[in-house]
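Visitor: The primary structure of each chain is shown beneath.
Number of protein chains: 2
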Amino acid sequence: MNSEDIHTSVPDPNKAIDRSIPDFPVAKEVDDNDYFTKNTPPTYIHEVVSKVKDFLQYHKANTFKKIALITSGGTTVPLENNTVRFIDNFSAGTRGSTSAEILLKNGYAVIFLYREFSLLPYSRHFSHNLHFLDYMKINSIDNKIEINDDHNDKMYKILLDYQKIKDSNSLLIIPFTTVNQYLFTLKSISTTLNTYGSKSLIYLAAAVSDFFIPVSKLPQHKIQSSVNNLSSNGQLIINLDPVPKFLKRIVDDWSNNSLIISFKLETDQNILINKAKLALKRYNHNLVIGNLLQTRKKEVVFVSKSSNESNQIDKNAQEKWFRLTDDQIKNNFEIEEIFLPEVIKLHDLWINKTN
Amino acid sequence: MNSEDIHTSVPDPNKAIDRSIPDFPVAKEVDDNDYFTKNTPPTYIHEVVSKVKDFLQYHKANTFKKIALITSGGTTVPLENNTVRFIDNFSAGTRGSTSAEILLKNGYAVIFLYREFSLLPYSRHFSHNLHFLDYMKINSIDNKIEINDDHNDKMYKILLDYQKIKDSNSLLIIPFTTVNQYLFTLKSISTTLNTYGSKSLIYLAAAVSDFFIPVSKLPQHKIQSSVNNLSSNGQLIINLDPVPKFLKRIVDDWSNNSLIISFKLETDQNILINKAKLALKRYNHNLVIGNLLQTRKKEVVFVSKSSNESNQIDKNAQEKWFRLTDDQIKNNFEIEEIFLPEVIKLHDLWINKTN
Numbered sequence: 538m539n540s541e542d543i544h545t546s547v548p549d550p551n552k553a554i555d556r557s558i559p560d561f562p563v564a565k566e567v568d569d570n571d572y573f574t575k576n577t578p579p580t581y582i583h584e585v586v587s588k589v590k591d592f593l594q595y596h597k598a599n600t601f602k603k604i605a606l607i608t609s610g611g612t613t614v615p616l617e618n619n620t621v622r623f624i625d626n627f628s629a630g631t632r633g634s635t636s637a638e639i640l641l642k643n644g645y646a647v648i649f650l651y652r653e654f655s656l657l658p659y660s661r662h663f664s665h666n667l668h669f670l671d672y673m674k675i676n677s678i679d680n681k682i683e684i685n686d687d688h689n690d691k692m693y694k695i696l697l698d699y700q701k702i703k704d705s706n707s708l709l710i711i712p713f714t715t716v717n718q719y720l721f722t723l724k725s726i727s728t729t730l731n732t733y734g735s736k737s738l739i740y741l742a743a744a745v746s747d748f749f750i751p752v753s754k755l756p757q758h759k760i761q762s763s764v765n766n767l768s769s770n771g772q773l774i775i776n777l778d779p780v781p782k783f784l785k786r787i788v789d790d791w792s793n794n795s796l797i798i799s800f801k802l803e804t805d806q807n808i809l810i811n812k813a814k815l816a817l818k819r820y821n822h823n824l825v826i827g828n829l830l831q832t833r834k835k836e837v838v839f840v841s842k843s844s845n846e847s848n849q850i851d852k853n854a855q856e857k858w859f860r861l862t863d864d865q866i867k868n869n870f871e872i873e874e875i876f877l878p879e880v881i882k883l884h885d886l887w888i889n890k891t892n
Numbered sequence: 538m539n540s541e542d543i544h545t546s547v548p549d550p551n552k553a554i555d556r557s558i559p560d561f562p563v564a565k566e567v568d569d570n571d572y573f574t575k576n577t578p579p580t581y582i583h584e585v586v587s588k589v590k591d592f593l594q595y596h597k598a599n600t601f602k603k604i605a606l607i608t609s610g611g612t613t614v615p616l617e618n619n620t621v622r623f624i625d626n627f628s629a630g631t632r633g634s635t636s637a638e639i640l641l642k643n644g645y646a647v648i649f650l651y652r653e654f655s656l657l658p659y660s661r662h663f664s665h666n667l668h669f670l671d672y673m674k675i676n677s678i679d680n681k682i683e684i685n686d687d688h689n690d691k692m693y694k695i696l697l698d699y700q701k702i703k704d705s706n707s708l709l710i711i712p713f714t715t716v717n718q719y720l721f722t723l724k725s726i727s728t729t730l731n732t733y734g735s736k737s738l739i740y741l742a743a744a745v746s747d748f749f750i751p752v753s754k755l756p757q758h759k760i761q762s763s764v765n766n767l768s769s770n771g772q773l774i775i776n777l778d779p780v781p782k783f784l785k786r787i788v789d790d791w792s793n794n795s796l797i798i799s800f801k802l803e804t805d806q807n808i809l810i811n812k813a814k815l816a817l818k819r820y821n822h823n824l825v826i827g828n829l830l831q832t833r834k835k836e837v838v839f840v841s842k843s844s845n846e847s848n849q850i851d852k853n854a855q856e857k858w859f860r861l862t863d864d865q866i867k868n869n870f871e872i873e874e875i876f877l878p879e880v881i882k883l884h885d886l887w888i889n890k891t892n
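Those sequence lines, one after another, are chains E and Z. The opening residue of the first sequence carries number 538 in this note's numbering; numbering runs sequentially from there. The opening residue of the second sequence carries number 538 in this note's numbering; numbering runs sequentially from there.
The following block holds chain E by itself, in its conformation from the complex (with noise of 0.2 Å):
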């Protein structure tokens, strides 16, 4: 696979920071500082960044391994304040999960950020197929519980790498439900990964909300379908605002030392790249991983800036597309074993730069 043209893409993190006004006709841009003082940040959040501490000062002291932060499974927009209801993104979190083992395999220590209950990195293999027991079994001669003969070879071979990787202390997990939870604590764990330098990478896999309701707005108790909230047709209806465009934040302030690459998730095919161009013009980061929810398990696009680095980044911006091929399907294959060498050859390549 022939990759020259996207290494030499990446934006010289010395360089100008494009501030060029984008093309496309977008919502209203929402002013994140706004959002971090009107919002309230989650209790728990000081205990978080003492935990990120403490890893990075780790690595930092006994293994100086590259740092991936993956934020993984979809966010959640609570409707009220004591919450019954809540808008949810769908994800079950592979493509975070799948990436996590895979950066930890070729050596990195991993950050994963991810929704309450969504997959993990290795207990994906096993945790949403089957009931939890039907892997067990008891041995009748002397009581114990085994695993089952279908399941005993994978699980050995599996159970093997996840203990490695815990051993070396090398998986923080960080869980989150809500999008304000995930915004503040992204906030938290970007700025001190900062500190590790460009030995940093930010993958943004989660899949986050674009609208929200300020806790300002939330209404106390459960919304009632008595008439009074509902429209003359008895409709409910609800006004969100948007979610303001922290990627921005993350490039220009937070973490502004790491590569950082988003993901674009969408379902049309016809606005996927645009879409793609258009985020990388507007938070001039890395790169922006297009995907259809359609195929996403078969194939992505890299979309990065062209080595002109003009600012008409939409007309020169360059995609380069991965695909799984029959066969690597029929080998059960996982897309991100295919894409994510190219995303290590980026990372080592800003690092050199760096230095």
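In case anyone wonders, no lab produced these hints; they're calculated from the structure. Among the clues, some could well be false.
In this list, chains with the same sequence are indistinguishable; a pair is considered to hold if it fits within one copy or across any two.
[Unchecked claim] Each computed PhoX-like pair below joins lysine-lysine, with the alpha-carbon atoms no more than 25 Å apart:
(1) LYS674 x LYS691
(2) LYS602 x LYS882
(3) LYS694 x LYS674
(4) LYS785 x LYS857
(5) LYS691 x LYS681
(6) LYS867 x LYS642
(7) LYS681 x LYS642
(8) LYS694 x LYS642
(9) LYS835 x LYS754
(10) LYS694 x LYS681
(11) LYS588 x LYS701
(12) LYS867 x LYS674
(13) LYS785 x LYS575
(14) LYS701 x LYS834
With chain E held as given, fit chain Z onto it using these hints.
Guide: Leaving out everything else, chain Z in the frame of chain E:
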């Protein structure tokens, strides 16, 4: 615990159905027949019906156990046809999965209609608390996978229970995700269950959306955060239609031989009892179990008709609270252990009345 008064209030299944107008203001009623003609059944519905028929036939021929249909977990409401975003109802599935275990222990066969990936009976003791692989270790002597000492005894006990239930074909698990899948599946299962007569119990613990977007109004693709979908101040506005009140159809048409129990979850204790009474009056089923989000694991209230069977149910309905004592909380009792014996008594009384 004296429960005479609640026993006497089980409605006579042969009694004419109360169709009087409720006294509370309510959202416009939706024609549910309309719902089932205007929306599309899930493609797998025939497979579900065939499984349920086999299950009923097996128990009719071999055990003639009482059978409970338990619904559990929250339904989703897709906001797009190619679903990226959806509205969800908060529910881990604790109430439903715990109740299933207790009914199974008490000799019931259980059809468990649950939100995919929410808690299941037996595995609920493990799956959501800890990384799957943290339960296991590799024995360094024979290289076999074993259960960690901390978990071995508990898991052994639960695995024994689970295997007994599996071996006796007492548990049929059927998943759903969207409210549309839920409604069509519930209709099919409860209609089939009606052939089992009064030995059937319908126990509606799922958290079902009150509002949805009809398939005819669903946008095909992911809602874009570009200007044309938004209000002038950048807000996204979502219009939702009320979900038809299917409970009336279960009681009147689909499964009028069954004892029928619904749940009412609120966050505001000032309205809980009245909402439960209203539901009982509107749907004329056997029992509403009320609970508050904040205290649902410690107390519930049974709201049933008083024995005089008056139309003024809102004035004459009776409440009975079940609460865990401090001692029970300390000893990890579950509230379902406290109130389900009462449900079983009600069901036995219902069976006796109809024989």
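Visitor: Against the structure, test the hints numbered earlier, and report the numbers of the ones violated in rising order.
Guide: When the structure is compared with the hints, numbers 9, 12 and 14 turn out to be violated.
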